[in-house]
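Could you slot chain B onto chain A? The hints should help.
There are 2 protein chains.
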Amino acid sequence: MIPDDPTSPAPRADDGIVTAGFLVIGDEILSGRTKDKNIGFLADALTAVGIDLTEVRIVPDDTDRIVEALNALRARWTHVFTSGGIGPTHDDITSDAIAAAFGVGIDHDPRAVAILTARLAGRAEINEARLRMARIPFGADLIVPANGMPGFTLGNVHVMAGVPSVFQAMVEQVVPTLGGGRPMLSRSIDAKVGEGTIATPLGAIQKAHPATVIGSYPYERDGRYATNLVVRSRSQEALDAAHAAIEAMLADIHSHMPAR
Amino acid sequence: MIPDDPTSPAPRADDGIVTAGFLVIGDEILSGRTKDKNIGFLADALTAVGIDLTEVRIVPDDTDRIVEALNALRARWTHVFTSGGIGPTHDDITSDAIAAAFGVGIDHDPRAVAILTARLAGRAEINEARLRMARIPFGADLIVPANGMPGFTLGNVHVMAGVPSVFQAMVEQVVPTLGGGRPMLSRSIDAKVGEGTIATPLGAIQKAHPATVIGSYPYERDGRYATNLVVRSRSQEALDAAHAAIEAMLADIHSHMPAR
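Going down the list, the protein sequences come from chains A and B.
The numbers in UniProt numbering rise by one with no breaks, and the one at position 236 of the first sequence is 236.
The numbers in UniProt numbering rise by one with no breaks, and the one at position 40 of the second sequence is 40.
Just chain A, with the same shape it has in the complex (with noise of 0.2 Å):
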C-alpha cells in the first residue's frame, strides 16, 4: 500500500511483521562482470534486527525498469532498500529514476552539496559532474556514510551505493534505525544423513509445528550425504519442541542403521 502521501514512511504492519524489498542496479552484475556481495550483506542485517527480506530483483540501468521496479516493491514491503547508480557519471540514473517512481521533483541538494564541497576539499575540484551526485529527490532525508558520499532516504525507500564498503556502511547507519519486528529465531541441526532418508518424517513434523518453517539444505563432504536441517519461528516455545521432534526423530533413524 502507498500512503496518499508518497514520501511518508510506510506504516507498521499490526502483526509485528516487518519486512523488505531490495532493488540491485546494475549492468555489471547482470553481466556477470561484477559479483554481487550486497545481498548477501543485507540479508544478514535485516535478519539480525528481526526484518524479513522477502524479495529481490536485479535490473539493469535502466529508467523505465528501475521505476517499474520500484513501484512494485515499495507498494508491497514495509521497507525497499536499493544499490547502485549513485555516482557522477552519465550511467548513474538511480536517483532521477527514483525521483521519478515517487513523482516529486529532483535538484541540487544544499546540504549535500556542503557534505560534497567539505569532502572534495583539497583532493579534487567542484564540478558539474561531481555536483550530479548532489541531485537528491525533494523531499528525502540523506544517508551519510563517513567512507562515501550521500545517499538518501525518500518514503520507505532507502537509496544506497553500489560499492560494498560504502553500501555497507550506509546499511550499519539505517537499518538500526528502522525498528525490528518480532526476531525470527532459528536453530540448526547438522544431521549426518542424506535428505531422502529423513524427508518423510521431517515432512510429518513440519506439519505438526505449524508456528515452525522447517529448511531442509543437502550437502555431500567425504562422499557422503548430509542435511543441514535449520528451524525458525517468532515462538521460542515452537522452536524448542520442532527442535525437540527433530532430534528425537534422527536419533530414532540412527538407532535402526547399520553400523558403519
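Just so you know, these hints were derived from the structure itself, not from any lab.
A couple of the hints might just be wrong.
Heads up, simulated BS3-like pairs for lysine-lysine below, C-alpha to C-alpha not over 27 Å straight-line [stated by the list, open to error]:
| hint | chain 1 | residue 1 | chain 2 | residue 2 |
| --- | --- | --- | --- | --- |
| 1 | A | Lys-37 | B | Lys-192 |
| 2 | B | Lys-192 | A | Lys-35 |
| 3 | B | Lys-207 | B | Lys-192 |
| 4 | A | Lys-37 | B | Lys-37 |
| 5 | B | Lys-37 | A | Lys-35 |
| 6 | A | Lys-35 | B | Lys-35 |
| 7 | A | Lys-207 | A | Lys-192 |
| 8 | A | Lys-192 | B | Lys-35 |
All of these numbers come straight from a predicted model, not from anything done at the bench.
Same frame as chain A, now just chain B:
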C-alpha cells in the same frame, strides 16, 4: 508473449537479441544463511554465448510467490532459469509450482524414476520421499546432470538444482544448446583517475557513440580513486571507435595533470 501452446519454446526475437530471466527460489538466500553463488555463474555462462541476462528475482519457498514471479518472467524474456526447491523434502515445492504456473499436470515421470533407481542402486532405498524427485510436469524434457537428480525444461523455463555444483553442471549442459544471439562484445580500460574527473567527457563520448553502452565502475586502491571503464556493443566497429575515443580522452587528461 506466451505462445498458445504453453509448453512450446519461446520464439527467437527478430532483432537477434536473446534475453533471459533468472528466478532464485530459496528462504535460505533471503535469510542470509546461504550466500548465493548461482547468479554470477549463470550471468557469466549467458554472456559467453551472447544471451542477455535482463532480470533476476529472488523469492521465498512459497507456491504463490513462485507462480507469480515465474509467469512475469516467462512472458517477458526469451528464456527463464530457476534454481532451488527440487529435492525430496517438504520444502521442495518448485516442480509443483512450475506445473501450476503452466496449468499442466504433474506426476512421477518414468524416465526420471529410471534415472533415480539407477543412481540410488546399492546406495539408498527408493522411498516415497526420494520418488518425489521424479515428479516432473507433463510435457517437460529432462535435464540430466552427471552429479545429481534430473531437472527439466518446460516451454522456455529451465528448472535447475540450487546446490551450486549441480546447478553449474546443468547450466553447462543446457546453455550451449539454446542458440545465443549476436554476442555482446566488450573492452575494458583501467583509468587511473576518479570518476568525477572523467564523468563529463565520458558522458559526451557515450552520446557520440550510441551503438555502445559505456559503464563506469569506481574503485579505490592505496588511497587513490580509480575507475574501470567497460565499453560494450554488438558491433566491433562501434566498440573500437568508442574505445579509441576514451583512450584519447584519458591521454588528454593525463597530459594536463601535475606530475606526482
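### Query
Looking back at the hints listed earlier, which ones does the structure fail to meet?
none
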